[in-house]
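Participant: Letter by letter, the chains look like this.
Protein chains: 2
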Amino acid sequence: MADYQAPITDLSFLLEHLIKADQLWPQLGLHDADPETAKAILEEAAKLCEQVIAPLNREADETGTHLTAGKVVVPDGFNEAYSAYCEGGWGALGGDAQYGGMGMPKTLVACVEEMLQGACMAFGLAPMLTAGACLALNAHGSDNLKERFLPNMYTGQWAGAMDLTEPHAGTDLGLIRTKAVPLEQNMLGEALYAVTGTKIFITWGEHDMAENIVHLVLAKLPNAPAGSKGISLFLVPKHLPNEDGSLGARNTVSCGALEKKMGIKSSATCVMNFEEAKGWLVGEPHKGLAAMFTMMNYERLTVGIQAVAVAQASYQSARDYASERLQSRSLSGAQFPDDPADPIIVHPDVRRMLMHMRSFNEASRAFYLYVAQYLDIAKYSQDDKTKSQAEGRIALLTPVAKAFMSDMALSAAIEGQQVFGGHGYIREWGQEQYVRDIRITQIYEGTNGIQALDLLGRKVIANKAVILNDYCSEILHFVQHDLSGEWQKEGAKLVECIHEVTALAQELIARAGKSPDVIGASAVDFLHALGLVSYGYLWLKMAHSTEHIQSGGVASEGAYSAEFLAAKQYLCRYFLNRELPRVSFLAERIRSHSDDLMVMPASHF
Amino acid sequence: MADYQAPITDLSFLLEHLIKADQLWPQLGLHDADPETAKAILEEAAKLCEQVIAPLNREADETGTHLTAGKVVVPDGFNEAYSAYCEGGWGALGGDAQYGGMGMPKTLVACVEEMLQGACMAFGLAPMLTAGACLALNAHGSDNLKERFLPNMYTGQWAGAMDLTEPHAGTDLGLIRTKAVPLEQNMLGEALYAVTGTKIFITWGEHDMAENIVHLVLAKLPNAPAGSKGISLFLVPKHLPNEDGSLGARNTVSCGALEKKMGIKSSATCVMNFEEAKGWLVGEPHKGLAAMFTMMNYERLTVGIQAVAVAQASYQSARDYASERLQSRSLSGAQFPDDPADPIIVHPDVRRMLMHMRSFNEASRAFYLYVAQYLDIAKYSQDDKTKSQAEGRIALLTPVAKAFMSDMALSAAIEGQQVFGGHGYIREWGQEQYVRDIRITQIYEGTNGIQALDLLGRKVIANKAVILNDYCSEILHFVQHDLSGEWQKEGAKLVECIHEVTALAQELIARAGKSPDVIGASAVDFLHALGLVSYGYLWLKMAHSTEHIQSGGVASEGAYSAEFLAAKQYLCRYFLNRELPRVSFLAERIRSHSDDLMVMPASHF
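Here the protein sequences come in this chain order: G and H.
Counting in full-length UniProt numbering, the first sequence runs without a single skipped number right up to 605 at its last residue.
Counting in full-length UniProt numbering, the second sequence runs without a single skipped number right up to 605 at its last residue.
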């Protein structure tokens, strides 16, 4: 397998030309985040990821994590990598400056996330979960809790974990049984609760890489309303801190078992037992689910980032293998007659797989940065209209980012494995691990089916497609007004697809009024259609920018090689010709007789 | 995970109504294979597979195989299962009666293969490789070699292995380096050779389940022509038999290592070292590749069967889970208000996944039997024209069976895992193993990309689509003449797609004449289009038969429940509405500017 190479050039290109960070960041008052600082951050992160973390990935998958006497034993190198991550201050990158964070924009943090996840996703989950817990705590915790916990979490000295799922309650969290009983006792100046229950699928719920783990736990207060409106959020640390901030008594939180999984084997997926464990309420009683959802948009985007990060690693190896592996001759005649065979990259079918991978990977990267810019705008903009538009975009595009990016990443990684032929199936070559690792991104943080329902039901139909139409107008405007002659011609394919998607939305609004099952029957196809047009849009934006650079329209001082710029244009055409047309098929399927899914009685399955 | 249930009802339905075995077998002079015998064979095979083999599958994946002091240690239960398989005479089922085989038709053998592979694919590979070796030996070996080896291989006392690949030679076998040097010595009455070289990816190349292993090895004779025209086939047994048939000296064949793989972990994938190992030539010198290809059609079909077999196991578990797992409420209102939630099968998106799986699995089963019938006809028919048509169908449809069935099986198994949500990612539930196991079927026995090239280049373009058009005429004739009113209307969708496929073939013939890369650029899409129309055809045939049964047109004596018959019709409509329309997308892609794959210089990747 190839050494992981952080995609710094592409990230810089996107920050500069897609996001136009040099304008966006100052507009939002983010004066610490200038392009020079960003460049230094990307380069430092790349060093850590390439040199310290990525070399652990393959072997750690073989070792896995183990539970010994209640302790999680991590693979060799993880403790050192975690220390290096913390010492570099990376846990603080996106954190709130008030509590010791660096307050960097998501558009920059996301780039670092891709590198970290691409280097070793199983390891990367630990900082990711900590960052998620920090977001939720920062948004809903009392100032007191934030002061006591956030600074230690930003340094990574204390890690975070999210404890939601129970054996019988996954998608449907309203069914959880974990209880929180108020104690007649205060600690650290706040009312204390005793939390009891069992949680499953708790990523990095237990480990010793950090000296403490801060669990954010969903539980029900006595007499809580039934269902999802009766869920509250609690902070339950592994070690209770003392009043002076030092580490105190061990709390009654323990790891009962580790799951054996398909992939991300070197991450610990814990069964966590809470036995009257002490904790504090975060936010309002019974508003726990809403509190979790505040950070969901960030977490879901990061899951999409994980997926493309790993698919990119798969691409790098597949590209190198295709350039080196000699096998058979080109159908148009030997290309390297002095060698025993041609490198397989001469075969159109191998190129098809590589271009498929790359066209989705690079569009996914552009897409997560496109969505991340709205997270920054929504958080930092002072203008209500701008803010509100950004919130709409986030609502609409987050489920697409999570589900479409992960679906496309899986298919990319499957191609990346296929390029290797038989060697792709052998663990030592690394390609099959990428498939196994990516597979979870389609499942956790809300399955992709749930993302699709969220998109079509809540984000499109519920608001009568207002947000969708606003987004599509932006795309149409770009194609029709910003593109030059040749690209405008290419863009005509996208325009057709945009009209298709907006028309579908109207039809679905009408049909769903009569039969709500229409939403479930069409949701995944609709999400994929919106994903495809979004990627078509971003490819045209990228191609447009490269043309602008080539024509000397911007002084990039040779930052991008001629190959890099030309490749964007080749890939844009490839995507519009070969991938975008899938929209018509999806439209036909959505318009097909959707009863076909519902009429067969359950007993016939 | 659900206990594996052999799909006997569906197999019986297809043998009776699709293949019309009661007419086909006697026509071919296969008088031992009557419907009663077939029924008894299916039931006995089902017992063995359900009760003895399937229970080993999950645990064996965890245990894997291990190499200890040159010996392959197999998981618990494998030795006993192998003995039970042999004692039942299953290894002889399709074997040549002249050497102790039962001479049963492939249409029946294929049904048993599905059960075996569905029960435990890693185990099933051992009998499968033996059967393949028997076919090649029977077709090309001398009578002397056949008499000495085949009877012991049919009993399973001796197993078989196929030794083709070398580290630098996979798809391109012309590059192999293994040498065979004639010895001035005879053994068992035939000239002896010394075979030296290293082979990789040798499935069940070493184990002790059988007392001997018969390797069929590709090697080059001294002064062999370069490339694939200089390859010969040798029989190299692990133990050299004595003149009296008893087991003699150990040959210098040894297993150097086992590969660690993504799946089929309990099968042994061996690096085999041959050090002047003694063996005999099978067939003509330098005609080894052709000898291997005789059995390729059988083996490739069996790989497709493996894929659907495992996808069927995945479906069974997913269906059961969807009926039992309570989570959330139906969008149309609670269906089981007394339960804490509805079973997830009420959700359209879960049904979409289940119907997707089942519509492909059942069409795949019909398809492998449809192809198997031509293998029987080609082998046993006395009529030259019938035989030659059958050979055409086999040539055309074998690559589709191998590649389309395995591609669709992977996507089915991914859905089957998705139905389980988070539990689908946990090994103990079994769903993720199916994905890992199926994945190899897209790779081995010629990658699916190679199958597609074979289809489009050799089987369609080279004969100017004569075979394809003959096949498509059969489909058109069926839809237009055999279908009744309502189904004829449904069939109109298929007619359109058939015209699309035949038109594409003509366009590709014309384009390939100018640019051979067009073949590689279009092959996979074309194969998928042909797969889809084939499945549409078989769904209509199945629906048509069920209608015939329902109307009392045949006396099936209640063999098929009303649910079974109705489900076929629901699934047929589902397939035509939701899956078949993909053909237009594939057509658009094939017609797109195919240079987009070739114009980007290799340095830009």
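Honestly, the hints are just simulated from the structure, not real lab data.
Check before you lean on any hint, since a few could be wrong.
[Unchecked claim] Below, a list of computed lysine-lysine pairs in the DSS-like style, where the Cα atoms sit at most 27 Å apart:
(1) H:Lys493 / G:Lys493
(2) G:Lys287 / G:Lys260
(3) G:Lys260 / H:Lys260
(4) G:Lys71 / G:Lys179
(5) H:Lys464 / H:Lys379
(6) G:Lys146 / G:Lys179
Participant: It remains to establish, for every hint, whether it holds in the given structure.
Facilitator: Hint-by-hint comparison with the structure:
no. : hint                : in the structure
1   : H:Lys493 / G:Lys493 : holds, 25 Å
2   : G:Lys287 / G:Lys260 : violated, 33 Å
3   : G:Lys260 / H:Lys260 : holds, 17 Å
4   : G:Lys71 / G:Lys179  : holds, 25 Å
5   : H:Lys464 / H:Lys379 : holds, 25 Å
6   : G:Lys146 / G:Lys179 : holds, 23 Å
This entry does not satisfy hint 2, going by the numbered hints stated previously; all others are met.
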